[in-house]
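Engineer: Given the sequences, and given the hints that come with them, work out the whole structure.
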Amino acid sequence: MELLESPQKSNEAHPLPVEETQKESYPIDPTALSKLFGKKQIKQAEYLKKFARHGAESLKEIDVAFADNDNNQIAFIAHKLKSSAGMVGATSLASTCEQLEKIATEGDQSRIKPLISQLHSQYDDVKTYIDTL
Numbered sequence: 000m001e002l003l004e005s006p007q008k009s010n011e012a013h014p015l016p017v018e019e020t021q022k023e024s025y026p027i028d029p030t031a032l033s034k035l036f037g038k039k040q041i042k043q044a045e046y047l048k049k050f051a052r053h054g055a056e057s058l059k060e061i062d063v064a065f066a067d068n069d070n071n072q073i074a075f076i077a078h079k080l081k082s083s084a085g086m087v088g089a090t091s092l093a094s095t096c097e098q099l100e101k102i103a104t105e106g107d108q109s110r111i112k113p114l115i116s117q118l119h120s121q122y123d124d125v126k127t128y129i130d131t132l
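Following numbering that gives the first Met the number 0, the numbering of the sequence shown begins with 0 at its first residue and continues without gaps.
Because the hints were derived from the structure by calculation, they are not lab data.
Take these hints with a grain of salt, some might be off.
To be verified - Quick list of simulated restraints, FRET-style, between CB atoms:
hint, residue 1, residue 2, range
1, Phe36, Asp107, 34 to 44 angstroms
2, Ile41, Ser116, 17 to 27 angstroms
3, Lys101, Asp123, 14 to 24 angstroms
4, Lys101, Leu35, 18 to 28 angstroms
5, His53, Thr30, 30 to 40 angstroms
6, Gln108, Lys38, 43 to 53 angstroms
To be verified - DSBU-like mimics (lysine-lysine), calculated; alpha carbons at most 30 angstroms apart, straight line:
hint, residue 1, residue 2
7, Lys112, Lys59
8, Lys39, Lys49
9, Lys101, Lys34
10, Lys59, Lys126
We put the beta carbon where it would ideally sit given N, CA and C, even for glycine.
Structural biologist: See below:
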């Protein structure tokens, strides 16, 4: 049991590099923006806040498109949001966007709604994380 508890106390016994652990514990990979902006924390925060606004708008547009049964529009918006989410390191959100884009393109209405719900939940996690910065 001690081995399982050790990673929290020390990085020496941890089976994954710290970066990998961080990727799993946050809705945003903290290294993704570092690759774009280096150590410029203010630029990173500004970019994340811009992403949060864009994401909220995109989710509203997806909801409207779903209400209108406009699968092409859902796929289009999901594609745009996927790209933005990938840029900021919101990999789970980007993955769900990719799934939604594919399902919407296929026209499988029964699978779209659960993915939209999942997207909202993941976005809320990302937004909460951004708000703590």
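Engineer: Hint by hint, say whether it matches the structure.
Structural biologist: Going down the list of hints, with the structure as the test:
no.	hint	result
1	Phe36 x Asp107: 34 to 44 angstroms	38 angstroms, holds
2	Ile41 x Ser116: 17 to 27 angstroms	34 angstroms, violated
3	Lys101 x Asp123: 14 to 24 angstroms	23 angstroms, holds
4	Lys101 x Leu35: 18 to 28 angstroms	27 angstroms, holds
5	His53 x Thr30: 30 to 40 angstroms	21 angstroms, violated
6	Gln108 x Lys38: 43 to 53 angstroms	46 angstroms, holds
7	Lys112 x Lys59	14 angstroms, holds
8	Lys39 x Lys49	16 angstroms, holds
9	Lys101 x Lys34	28 angstroms, holds
10	Lys59 x Lys126	15 angstroms, holds
The earlier numbered hints that this structure contradicts are 2, 5.
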